[in-house]
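*Asks:* All chains, full assembly: derive it from the sequences and hints.
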Amino acid sequence: MDKAVALALLVPSLAVIPVLLRDANWRHPQRRRQDRRAEPVERSRSIPWAPGALRVLCAGPLSAAAAIGCGALLAVKAPWPEADRFVAGAFLTTTLWAAAGVWSTTDRRLGLVTGVLIVSTVLCGALAAW
Amino acid sequence: MVSETARAERFTARALAGHSAVGLTVAALAYLICLTGTLAVFTDELKLLEQPAPAPALLQAGAIDRAARAALDQAPDTATLYALAPSTAAGRLTLTSYGPGGQQDWLADAAGNIRPARTPWTGFVDDLHMTLTAPAPWGALAVGLVGVAMLSLILSGVLAHPRIFRDAFRLRLGAPRRLREADLHNRMSIWGLPFHLAISLTGAFFGIASLPVMAIAALQFHGDAERVYRSLSGPEIPADSRPAALPDLDDIAARARAELPGSTLYYLGVERPGSAGMRIRVEVTGPGRLPRGDQIFFDAAGSEIGRVGFVTGSAGLQLYSGAAQVHFGFWGGLPVRIAYGVLGAALTWITASGVTIWLARRRDRGRPAPVLERAWHGWTRGVPLALAAAWLLSGVASVAAVFWATALLLQVAAQRPRRR
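First to last, the protein sequences are chains A and B. Numbering-wise (numbering that gives the first Met the number 0), the first sequence opens with residue 0 and increments by one. Numbering-wise (numbering that gives the first Met the number 0), the second sequence opens with residue 0 and increments by one.
Take the hints with a grain of salt, since some may be wrong.
Stated by the list, open to error - Here are the simulated SDA-like pairs of lysine to any residue, each with C-alpha atoms no more than 20 Å apart in a straight line: (1) Lys2/A to Thr87/B; (2) Lys2/A to Ser313/B; (3) Lys2/A to Ala14/A.
Claimed, not checked - Footprint (simulated), chain B over chain A, 3 or more residues, beta carbon under 8 Å: (4) 11–22; (5) 65–75; (6) 79–91.
None of these hints come from the bench; they were simulated from the model. Think of the CB as a built atom: it goes at the ideal place given N, C-alpha and C, for glycine as much as any other residue.
*Replies:* Set out below in structure tokens:
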């Protein structure tokens, strides 16, 4: 059963290749008039260093700390057998870290992101230690 | 008032900017890890090419015991000996000894006669994939961080693609290079999404596991990380240096197989061999299941002392073992490994093309980055060429030295301005 699920996830990725190639447009597209114009020259944008650094901090160490805190809370407090708690905690850490990283790089409300990550870390850490 | 469309466009732009920033940060390492991971799926076949003898064959009765005793004779200071049974048609019985003298590897024939293993290239590729050849725990942690970043890239890539379903079959192969590469990058990413998610999640999980383990150890076991692993590593036996004879390992393997009907031997490990504190760990693979196998433990007298049910135990144990199987691709025979090879190669190309597209877009907008373009060109072409050079010279020179020297030389060559 579990092998069948894994196989079912694998097969569409391969089965679609001939369909994609059959339906692909192999001809050089006729460029419309507006496409012929060169793309506008982009001026070099200077990104303020402080928000940039904060965003890196959020996507890296703060996301990691919040994810580890939440994962540890699950691993320590969940009412399951020990191995289940630890494995679930480690998986939660991995997933939350990636999700928090995406949130940190896409949300322009950097203050909110920073606040939520710090509060999650402190709250989960305290609850896990309690 | 900002319209919904403008808001959605801004969100897409921010998602794309985040996707680009994370992608550029980890691209070089992600490319290396994906490429070596794709090769590692065929590790048995590559080892067979590197060292054709002994030929793969069904193990005869008594082969494991004979091979293990011969290995212990050659490395008497062994602290732990592992005997890995063949699990593919190209696989052979492989023995590895760890001790104060370092690591030694042997290959055994069907009868259990051993000879030193000489597969430095495949070993290097495996190490590069798992640890970037950096010392523990930093190498595995770095690979895990790249795995987390790849998981983020997959999520932000989906968010940055608002027409994901409408464009599902759009592939303009006749279009100019940048459009063609962008279409291929997006289509291969979307259709390979389940595979990419599974590989990144499981790779990141195993890579960064030491971080939550440290947190759990600090919170619950006064910093004792070993204690956290105990629920996965089976019952302990206290060290006892009094001499004890090695029990018949084939007999122990047969008894372990009998515990899980229809199973086959995956590996057998002997810790502290020849002492009364010896612990023997046998993993037998469950037939027809995704998790690899149960581990059954024996003491120096050959008595069973416990079991960790990665197939028959709790959901967490099954998830742990299943995650390893999903990552390595050894759960469905050669067809599944070929599928992993194809999709792994696609993932490698996706990591390379992401940066190429970003560089091309920059150039089209009048802000070219020639040094970075040449560096990326040098890296994406250089790594496969360096691996090929290391393979060709593996009999006469250090694989690691040839690989890194070739990669560096090709990078320097790529940076030299071309004559027009």
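*Asks:* Confirm or reject each hint.
*Replies:* Taking the hints in turn, this is what the structure says about them:
no.	hint	in the structure
1	Lys2/A to Thr87/B	holds, 17 Å
2	Lys2/A to Ser313/B	holds, 18 Å
3	Lys2/A to Ala14/A	holds, 18 Å
4	11–22	holds (count 9)
5	65–75	holds (count 6)
6	79–91	holds (count 12)
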